[in-house]
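Protein chains in written order, with the working numbering: chain A, 1 to 133; chain B, 134 to 713.
Please keep in mind that the hints were generated in silico from the structure rather than gathered at the bench. This list has only true hints and no planted wrong ones.
Cβ pair distances, simulated, as ranges:
| # | chain 1 | residue 1 | chain 2 | residue 2 | range |
| --- | --- | --- | --- | --- | --- |
| 1 | A | A71 | B | R566 | 44 to 52 Å |
| 2 | B | L640 | A | F114 | 35 to 43 Å |
| 3 | A | V18 | B | R246 | 54 to 62 Å |
| 4 | B | P683 | A | V67 | 27 to 35 Å |
| 5 | A | E128 | B | A418 | 58 to 66 Å |
| 6 | A | V67 | B | I331 | 29 to 37 Å |
| 7 | A | E125 | B | P683 | 25 to 33 Å |
| 8 | A | R58 | B | V287 | 46 to 54 Å |
| 9 | A | F114 | B | V287 | 44 to 52 Å |
| 10 | B | V287 | A | R59 | 51 to 59 Å |
| 11 | B | S669 | A | E131 | 33 to 41 Å |
| 12 | A | V67 | B | R360 | 44 to 52 Å |
These numbers come from a predicted model, not from an experiment. The beta-carbon is built from N, C-alpha and C at its ideal position, and this holds for glycine as well.
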Amino acid sequence: MTTPPPRRPDPKPTQRVVVTSPRTRAPRARRPYPGTREINEQSELGAVYMRTLIRAQRRLGLSVCLVATGALALLPLLFAIEPELGRFRILGLGLPWFLLCVATCPMLLLAGWFYVRQAERSEREFAELVERP
Amino acid sequence: MTSGYAIVAVVVVALGTILVGAYGLRVSRTTSDFYVASRTVSPWWNASAIGGEYLSAASFVGIAGLIFAYGPDMLWFPVGYTAGYLVLLTMVAAPLRRSGAYTLPDFAEARFRSRTVRAVASVLALAIGWLYLLPQLEGAGLTLNTVTGAPDWVGALIVTAVVTANVMSGGMRSITFVQAFQYWLKLTAITVPIVFLIVVWQVHGADSLTEPEYPVFRQDTEVVFQRSTTIHAEEFISIRGTGEIDGARVENTVVVLPEGYHRIGQGSEFTFPKDAPVPHLSTMAHNTNEMWSLPMSSGQDFPLYGAYSLIIATFLGTMGLPHVIVRFYTNPNGTAARRTTLIVLGLLSVFYLMPPMYGALGRLYTPELLMTGQTDAVVLVLPTRMIDGIGGELLGALVAGGAFAAFLSTSSGLVVSLAGVLSQDVLRLGGVRGFRISTVLAGLVPLAMTFVSTGMPVADMVGLAFAVAASSLCPLLMLGIWSSRITTAGAIAGMLAGGVPALTAGLVTMFTDTGDAWYEILLSRPAAWTVPLGFSVMYVVSLLTQRHVPPGVQRTMVRLHAPENLGLDGSGPSSGEERS
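Extracted from the complex, chain B is given alone in its bound form (with noise of 0.2 Å):
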């Protein structure tokens, strides 16, 4: 599916990124306009700009590929990531915006008065920001893959560079700009195609989703395999093409597939022919159109502990993800954030509503993606496969700038905190210079991971990076802020005990091949075993090290907590004077 308007999509996506950025260049002039934006965004450009970033490549085409393969156990990936937003509001917005640090380790710091704290809690922010920023890459690989047949590492490696670039001639002023205009964007690259795609549907008859049958080939089909494939075929299907089938090289020929497994070799390409049953890959469940719409029908073991262990970690992950907190050092108080959150709310909500009906309708028209495992192009495919013509070229090159968008908003956003974290606790450089050269090392980190990940789907890559926020900063971020009797070796321990396990759980299951042992669900969604343990081991430490409470936890109380226009900070007689 090469198409030059797509091309020229992503390249316009990627120039006027650039060129926004070279505006806020001009503005930002200081450090503290690298790092927060000097303070002074406004809640309804702070909302977009946090939206613009939230909205990931997991959030553009992850999402949909899932419920196109999965059904409605994976819409609990969209509620939530916005269910984790008022998690967000109700628990940590304003104390986190009150508590006045730049990054989730000052946070820590300032907290717990402890270097050690803030070391542990920089290198789970590091490692968390990394785990986030490798599904980004990997989505701009396959997007530029599926519309112009580059090679996978030449969207990363595109995404790389203009994000470093960018971030690094103007820091977080221009990343805010950026965000905002990204967030009306990608909604706008989602929701008109999908207003046409489902005006189309309803042209054609509005063919039932739920009918009790398989997937079918809604016409000729041809179909190319990327990578070496193991597919199950239902009943006898004959196709035509070449490449390899079972170890035997075909030659342009009609073949007969009979029932049974087949192996279709590196880059074969066959045309598929109309009204057959699809055949679907051998590792995915095999579901009538009725038996997907339904709840557990995902052919997970334990689909309820699934559940709930995707529920756990996206409720409680979002805090804990440093380019989403860095976010509320730029609202001008703890009022503001709350009511900038409120608004971030809104506007997810607003955008979650469409990846659901792309799922749906791939179901019927491009049912080749379940025999691939493509499933993440479900978004990128659906315009130009509904509809014919320069109309469906010019949705499909929309979409795939938006996804575009997605890729370069999420991952400027992690770079920018990224940084922030490398410079002032790894590298420990100061100033303007500092923090461009962590930008570089930040970016290039995980462009050199994506070389060795094997490609499991985005949304399930970015489910991890929540799983080891919400075992390990959300624990520090929750009981921090709550309570005063958590001790600094209680938070340290804590953080280590919820985060060590989530990050190998997530690490073993991305880089190597754990199959079907039992385990395997334990270990790919981690977050319902580790986030109790986080929680509880960081609060029993700090029971059992009571004499060790951090000096000054009262008045770092007062600072979290009292409005801002009080002038209260608990730090000696002086009252009535107006804190900055």
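So that you can see chain A by itself, here it is in the shape it has in the complex (with noise of 0.2 Å):
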């Protein structure tokens, strides 16, 4: 689908050494431009930067979504297979009127606030991913 960024060759020949931990301070290997770039000028490796965050942004959206719409959705069928269901109460309050006056508005909040706390962080690493110099 792609090529790969092309990478500096090796000046040296090839060395054994002990490494005893990784090298995370050192300066990474130089791409000839950065993601930003690719991006812009549209080339495949840029396309496969946004895919992959269309792709991760979707993913999230869609399940959050679907999960907790569909927790709802679920309730109308369940008071028609078992109408007894409407009777049990819950702090006074019938199972229908509880579960959709009260308990749905925390869900919502949660569902929504998780959502934009990973879309954020997915936001973040995508720009780090194309910024890294």
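Take each chain as given, in its own frame, and dock them per the hints.
See the structure below:
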């Protein structure tokens, strides 16, 4: 699908060294240009970057959305199959009233909060990826 | 129920709206100010404004009315209106803002680079907007009628005039202030009275809301029949008053209504005795309070289909409403758009706790509305009914003011977005003058429509606007944002395949009487079949026309999805520049 970014040829002949810890502080091999430029120039690599971001965001959005709204959408079916559930009481309220008036709001807020957190995180990761010098 | 205080409250709300708007006039100077408040609105302001704009007549009076009449099945309205924002948040909020367009047709053009897609989206946005404005105006008519006895068209006229003048003078910037102010006003106006009403209910002995008995009159109740009504009495009941019963004229005498159906003439006034079971409107399910409190008791055919259709329409329709979308452009960037939406979700959740309580208390205290069919008035009538004297009148005035705020703010938002679409796409008049002309037109059309519509509950009408939005503009947004395979032909075909049947079904239910036909539910709740139709036609036609994928779609995708601060626009070798 795509070619990896060209690497700088290693100047020295192969040598065995003992590594005690990963070389986190050493500068990375520089790419010829950063990911932002790849994307702006619409290279194959840029397209891959974008596709990854869009896929991650789509998967996150769809799953949060489907879990939250899907859980809600099961309720009418549940009440149709088992009408006696409607007589069940929680905190003095009938079960349908409790679920729809009281329980949905925190559930939706929690789902929304989780989504915002994850979406911002994946955008941060994307920014780190493409801005890495 | 005429009350001087309520009239004062309505006048104060209208004047307050104009004053806040005038303040906006002094700060809005450029075209950008007019349309999107120059994109400098903070998430809290913006979220309050969205909440203020979104909580319409349907939310303020309509939901309580439907719950009062039909029970917990109708809780799907508030749940759906809220959950719609979760769908909007997760699927479109940030990309929509990043598309950088002013209106929905702008988005359509930016994504598909096609004037035709833009034109179709414009027509649909106009249709949805007008369909949504109509119940606002009807609700305003109902409110003024309930609190002052003025004819229905007066309220509609006042709302149209205030909104048009306000939008013309200040545009969106003033509207952002107005809307944010209106959310908090509405929340106060619905919360303060219900707190007092619940205290009163407790003091009265906290009568159970779910007794296995039919609603009864709590006191001798004088009822005015605004239109001729067919009612059904469960047992004989003796009433006193003036009017027409079953074609016979009655002048201030006691009449015994035997069990069965009776036709009461328009303008009749009768007093119903204390403790008698309330006769019910012939077209409404008659339930004991216990039955009413259970799901699937609304007496509709195919209740499961109805529930799911409502769920689909409200969950997916929110994102397609023109006045909601235009608010997202006032966020500074995509991240702010997301945070705004999350705050909106919280604001709406708080508000929607209240209407069900009004609906439930109405079963005990205002059961005569089940007989006259004016169920939408339950929020307005309850305070004066439950609390005697000046306290009740003041709370009633507060509710009336809040309801009026609801019509004003939703209508303002709709008129702004419709005027934007009209001036850019239909009249092709640019600048501030074009916007002002379009504003007048955007307000006049629904005002004219109020004279021909049949009186269906306002929340049901709003549900139809949601259904059209969910079946046409929602597929455009969802598929347009998340799939790069959608073609111009697919977008047009999908919007028409979903939107036209939904719109037709909506107009047929609103303006004709379909009665008890088996297909009535398919027309009054069309979303369950039109939404899948819209989505699948859009996708399938796109797959069949893959050779006509719009040019530069990858570049558009970069703009929609990449965070703004990276300076990405997919437009060439320049990198690292901040895009404004």
